[in-house]
Amino acid sequence: MGIVDWFRLIVGSAFLICGLVIFFTEIFGVFHLKYVLNRMHAAAMGDTLGISACLVGLMFFSGLNFTTLKLMLIVCFLWFSSPVSSHVLSRLEVATNENLDAHCTIYENLSDLEAELSQADEHRAADTAGSDTQSADKTGGEAS
Amino acid sequence: MIFHYIYITVVIILALMVFACLIRAVRGPRIADRLMAVNMMGTMVMVMISVLALMLNEGYLVDVCLIYAMISFLAVVVLSKVYIGIYTEKREETRNPDSNTKEGGNSDGNR
Chain A
1 MGIVDWFRLI VGSAFLICGL VIFFTEIFGV FHLKYVLNRM HAAAMGDTLG ISACLVGLMF
61 FSGLNFTTLK LMLIVCFLWF SSPVSSHVLS RLEVATNENL DAHCTIYENL SDLEAELSQA
121 DEHRAADTAG SDTQSADKTG GEAS
Chain B
1 MIFHYIYITV VIILALMVFA CLIRAVRGPR IADRLMAVNM MGTMVMVMIS VLALMLNEGY
61 LVDVCLIYAM ISFLAVVVLS KVYIGIYTEK REETRNPDSN TKEGGNSDGN R
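Protein chains in written order, with my numbering: chain A, 1 to 144; chain B, 1 to 111.
Certain hints may be false.
Chain A is faced by these chain B residues, among others (derived, beta-carbon under 7 Å) [as the list claims (entries may be wrong)]:
1. R24
2. R30
3. A32
4. D33
5. L35
6. M36
7. M40
8. T43
9. V47
10. S50
11. G59
12. F73
13. V76
14. S80
15. Y87
Calculated directly from the structure, the hints in this document are not laboratory data. Glycine included, every Cβ here is placed at the ideal spot set by N, Cα and C.
Construct all of the structure, not just a fragment, from the sequences and the given hints.
Have a look at this one:
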């Protein structure tokens with residue numbers, strides 16, 4: 001094996017191990033978190049970052065040929081399709097859950113959320129001007 | 001030869017992770033949990049197919065992987081829409097059971 005083959009082996013193995021670690025993190029997050037809208041975060045991370053790391057490692061193994069181009073096409077397709085499927089799944093959960101208020105804060109119209117966020121910004125600016133900067137205000141903006 | 005051992009190891013680890021996803025799909029309390037676990041399984045199977053394509057040195061298996069990605073995405077979207085429609089229909093029935101042909105004005109399935 002020449003020096004180029006060793007370089008391909010080391011870099012490709014590093015990317016593959018990164019991808020496997022990201023997949024393991026995805027599994028851990030899916031079993032650790034308690035609700036679907038939280039678990040979806042971990043699942044979407046594996047769908048985009050994990051598979052792209054694994055396939056970049058396989059591209060290094062494959063070398064420069066047409067297979068590399070097709071692997072890149074798979075990665076590009078998943079970057080477009082995974083956010084769409086996550087959005088559709090979260091819409092399914094929000095549409096079919098009866099007691100969604102137990103898990104997250106729901107804003108009926110968006111202006112309430114914007115008003116609360118701007119109020120929180122003012123509070124944070126006042127806090128940084130004062131002494132205590134660690135008053136974390138949970139606005140729940142990620143829930144809606 | 002060392003590439004062959006790397007491919008075998010990666011495929012075995014991914015098989016264990018697919019089994020963990022299957023456990024999540026069985027245990028998931030809500031329908032979105034199960035669909036999400038099926039989506040994760042599809043992602044890991046895509047990586048397995050790509051590894052097999054390089055291990056067997058067959059380029060056409062990557063095409064199979066691309067078609068698998070498209071069909072997995074389509075399955076998630078279609079099943080989500082179907083379950084939203086079923087739920088909306090059932091809720092309309094329980095709300096007014098006498099008039100079953102009521103036109104839902106702004107129901108969730110139409111958005």
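Cross-check of the supplied hints:
The interface hint given for B/R24 holds, since its Cβ lies 6 Å from the closest Cβ of chain A, which is under the 7 Å cut-off. With a cut of 7 Å, the hint placing B/R30 at the interface with chain A holds, because the nearest CB-to-CB distance is about 6 Å. This hint holds: B/A32 has a C-beta 4 Å from the nearest C-beta of chain A, less than the 7 Å allowed. With a least beta-carbon distance of about 5 Å to chain A, the hint placing B/D33 at the interface is held under the 7 Å criterion.
Among the interface hints, the one on B/L35 holds; its C-beta lies about 6 Å from the nearest C-beta in chain A, closer than the 7 Å criterion. At about 5 Å, the closest approach between the beta carbon of B/M36 and any beta carbon in chain A falls short of 7 Å, and the interface hint on this residue holds. Because the smallest distance between the Cβ of B/M40 and any Cβ of chain A comes to about 5 Å, under 7 Å, the interface hint for this residue holds. Hint status for B/T43: holds, given a least beta-carbon distance of 5 Å to chain A, under 7 Å.
Restraint check, B/V47 versus chain A: the minimum CB separation of about 5 Å is within 7 Å; hint holds. Taking 7 Å as the C-beta cut-off, the interface hint given for B/S50 holds, the closest approach to chain A being about 5 Å. The criterion of a C-beta within 7 Å of any C-beta in chain A is met by B/G59, whose closest approach is roughly 5 Å, and the hint holds. Checking B/F73 against chain A: minimum C-beta separation of about 4 Å stays under 7 Å; hint holds.
Given hint, B/V76 at the interface with chain A, holds; its Cβ is 4 Å from that chain's nearest Cβ, closer than 7 Å. A hinted interface residue such as B/S80 counts as satisfied when its beta carbon comes closer than 7 Å to some beta carbon of chain A; here the least separation is about 4 Å, so the hint holds. A cut of 7 Å between beta carbons decides the hint on B/Y87: the least distance to chain A is about 5 Å, and the hint holds.
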